[in-house]
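Line by line, the protein sequences give chains A and B.
106 is the number of the first residue of the first sequence in the working numbering; add one for each residue after it.
106 is the number of the first residue of the second sequence in the working numbering; add one for each residue after it.
In short, the hints are calculated from the structure, not lab data.
Computed from a predicted model, the values in this text were never measured in an experiment.
Honestly, I wouldn't trust all of these hints.
A pair counts as met if it fits within one copy or between any two copies, since identical chains are not told apart.
Distance condition first, Cα-Cα at most 27 Å in a straight line; then the derived DSS-like pairs of lysine-lysine [stated by the list, open to error]:
| hint | residue 1 | residue 2 |
| --- | --- | --- |
| 1 | LYS414 | LYS441 |
| 2 | LYS186 | LYS202 |
| 3 | LYS186 | LYS231 |
| 4 | LYS542 | LYS160 |
| 5 | LYS243 | LYS138 |
| 6 | LYS160 | LYS138 |
| 7 | LYS186 | LYS414 |
| 8 | LYS202 | LYS542 |
| 9 | LYS542 | LYS186 |
| 10 | LYS414 | LYS138 |
| 11 | LYS398 | LYS272 |
Protein chains: 2
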Amino acid sequence: MRLSRYFMPVLRETPAEAQIVSHRYMLRAGMIKQAAAGIYSWLPLGYKVLRNIEKIVHEEQQRAGHIPMLMPTLQSADLWKESGRYDAYGPEMLRFKDRQDREMLYGPTNEEMITDIFRSHVGSYKDLPMTLYHIQWKFRDEMRPRFGVMRGREFLMKDGYNFDLTKEDALHAYNRHLVSYLRSYERMGLQAIPMRADSGPIGGDDTHEFLVLAETGESEVFYDAEITDLKFGDRAIDYDSVEQCQAVLEEFTSRYARTDETHDAALFEQVPEARRRVARGIEVGQIFYFGTKYSDAMGATVTDETGAKVPVHMGSHGIGVSRLLGAIIEANHDDKGIIWPEGVTPFHCGIVNLKQGDAEADAACQALYDALNALGLESLYDDREERAGAKFATMDLIGLPWRITVGPRGLKNGVVELTSRRTGESEELSPEVAVEKVAAIYGLTQR
Amino acid sequence: MRLSRYFMPVLRETPAEAQIVSHRYMLRAGMIKQAAAGIYSWLPLGYKVLRNIEKIVHEEQQRAGHIPMLMPTLQSADLWKESGRYDAYGPEMLRFKDRQDREMLYGPTNEEMITDIFRSHVGSYKDLPMTLYHIQWKFRDEMRPRFGVMRGREFLMKDGYNFDLTKEDALHAYNRHLVSYLRSYERMGLQAIPMRADSGPIGGDDTHEFLVLAETGESEVFYDAEITDLKFGDRAIDYDSVEQCQAVLEEFTSRYARTDETHDAALFEQVPEARRRVARGIEVGQIFYFGTKYSDAMGATVTDETGAKVPVHMGSHGIGVSRLLGAIIEANHDDKGIIWPEGVTPFHCGIVNLKQGDAEADAACQALYDALNALGLESLYDDREERAGAKFATMDLIGLPWRITVGPRGLKNGVVELTSRRTGESEELSPEVAVEKVAAIYGLTQR
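Okay, chain A solo, but in the shape it has when bound (with noise of 0.2 Å):
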């Protein structure tokens, strides 16, 4: 993309009504703009780390053997006053009512309306197990909306639900989305570290949160060191393996990992003293397993292997897809700006022309603008007529990863340079080398 044909309104000014950084950021870059309290546009650039995080969610899940489907975001009152959750679901939920005067909501979740299809159509036990999940947009009319996308009254969530004949089968569910979880969030550069959470309103069993630490958290957190070593890293994983994926969990919930909700102390003082850590999290995920809650309520029943009709092992897992632009930037930002990791960066590179008008430097970024384009990599191609200080602070902000400049006396050189946002270290090197580099580092991530 050539900067001059795009829409990317960065602005110079921090906004006066954004509280952390992730927000501020944001709005700087020019990737939100607010429509309402708590809900917002995104504009082109926030849309891409959007789609990019969409992206992997769904890679995962799929490979994990989830099926993907979408389900609306209205629904009918009808079905939640079958769960009996259309009285005890507070104002939060956004209610109203349809010309024909039928009693409608903005789903703020859906496990009724999925354990209606579920009945609908599944009779037998033979049909299981089965996980079904979609990326939808969510509404909870929060009281007071804050931190930008973070706690958004409209928010991006997937939501994925499975379908069991027992609890062992449930189980194995809940850690099939647990390792699915690890790969995922991994592949957007974020360490997110499964803590036993509470069950809260929805009801459950078994239940971890994942929480990205970072200053601006909203959950004091109480943890294990030895936690933050633990990689999921590229080991392969058979996802229909019981013994695999529960090994995954328990190497991923031995040691002490919990908010405040669930914090004991007693427990935590056992943890050597050197390795206990204090310190805030950010909620970026959770898994709950909560048994025939939604199935007994709303008669989702398959018959057994004997004929016996019971009800299904159910339980919902969550990925806050849109409030993760947030909790990444929190995690990835210096003074300057916003440091994106590879593996959900809006543009893999970003090029700067340092003397545009100049036919050489123009010509030089063109052809390195093609060559990273034939390679199937996305740059960002800075040819506005504007001093490099400014080039150099946009990119800053906007914090693609890797930056390759362009200017007159290096060209004399046969050299353009080649910028590490993260480090700030750059190299000089022929345009051909330059390009490679970048391709290899993003053969490395998979994309």
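Assemble the complex: chain A is given as a structure, and chain B must be docked to it using the hints.
Frame of chain A, contents of chain B only:
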């Protein structure tokens, strides 16, 4: 995908509520499930087609230089009061108050919001031309939602908005949209004819609707038969070229083609009688040039070369993404079921195992499945223990354009059967050649 692990709840019975063929087949093939009147869940098979259509729309919009972003589903009433449409828009607009008693609405379209984004961030003619688009769920509270996704209440639409300095520039943007729409529909296997439209309540000078001919179409259409011979094909187009885009507009709109809303009997009489056609059509898109209607009302101005502030010339351009599924089926089916065009099919190929459980047949099917996968071709492998007749009926209903049938008798002679859903013709081929043939078919459609 192995059918035994998929969720594709095919119905034996024709649902009573479905009046038109696309609605019937979408329900019977397990593509959608009604959640409330005019609101649907997209079950896995339907969701896949929806995503394929979305992908084509994204690719063709970006090829035309239009920039993707995303606006939220909910809007504040304030902007609509500014444009004057809050009162003008009828009961199709879903209005409600949030918990802070603020007036909100579920966006039926986005002219106001995009104009607000534009005026907040763009101030100079140097930033033009600019076209922004998004693909987002909309809501229109139809009095009588019907025909499944063809006239739903919650529906997915691509809407794009151009901002230009002059009327000439805006008409070039109009023409770019016309070209990109022709390309998009053709990739979906549709012929959509641009017809002069009525500007309606949105207001506008230049507007065309795109109509797909189908017996169940809601509009009566009148056209010169020559128009159906026009194909955009894979001709090269430079979207920056005013002349090239204008030439396409002239080629595709110079012959008589109108809906009943704009039909002019006297003009139609001038078409030679043998070429006059009266038929029915489904509207799948519309392009509008409406000048400075919103920029005047909302103060969206830029400074021109002389330093004067002038309102921008705008247009809005829509493709009915979710309704396209219905339109494609209306135009592509027979009495056994759907016949997907290659460009949008949910799976590239079906595999039918005539003797599930037979070691040789199972191995041959698995090998075909793996070989197609390795080429990036998705197949749906019917690995259920069902009669051949039931498997064929399911494949015919869901309408994958190609099917490979594997049975012990053929395997003895080293062959499988490749069948075209559209023509019903079959040929016996070695498994390797069958895979090559399927790959060649999809290679040609550039997916």
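Results of checking the hints against the structure:
In this assembly of identical chains, the alpha carbons of LYS414 and LYS441 never lie at most 27 Å apart, being 61 Å within a copy and 34 Å across copies at closest. Taking the shortest alpha-carbon separations for LYS186 and LYS202, both the intra-copy value of 15 Å and the inter-copy value of 22 Å come in at or below 27 Å. Taking identical chains as interchangeable, the C-alpha atoms of LYS186 and LYS231 are never at most 27 Å apart, the minima being 30 Å within one chain and 56 Å between chains. For the identical chains of this complex, LYS542 and LYS160 are intra-copy neighbours only, at 24 Å inside a copy versus 30 Å across copies, given an alpha-carbon limit of 27 Å.
Both within a single protomer and between protomers do LYS243 and LYS138 lie at most 27 Å apart by alpha-carbon distance, with minima of 18 Å and 19 Å respectively. In this assembly of identical chains, the alpha carbons of LYS160 and LYS138 lie at most 27 Å apart whether taken from the same copy (23 Å) or from different copies (25 Å). For a Cα distance limit of 27 Å, the shortest separation of LYS186 from LYS414 inside one copy, 24 Å, qualifies, whereas the shortest one across copies, 56 Å, does not. Neither within a single protomer nor between protomers do LYS202 and LYS542 lie at most 27 Å apart by alpha-carbon distance, with minima of 57 Å and 54 Å respectively.
With identical chains, the CA atoms of LYS542 and LYS186 are never at most 27 Å apart, being 58 Å at best within one copy and 53 Å at best between copies. When the C-alpha separation of LYS414 and LYS138 is checked against a cutoff of 27 Å, the pair qualifies only between copies, where the shortest distance is 24 Å, while the shortest distance within a copy is 51 Å. For a Cα distance limit of 27 Å, the shortest separation of LYS398 from LYS272 inside one copy, 12 Å, qualifies, whereas the shortest one across copies, 61 Å, does not.
In the structure shown, a violation is registered for the earlier hints numbered 1, 3, 8, 9, in ascending order.
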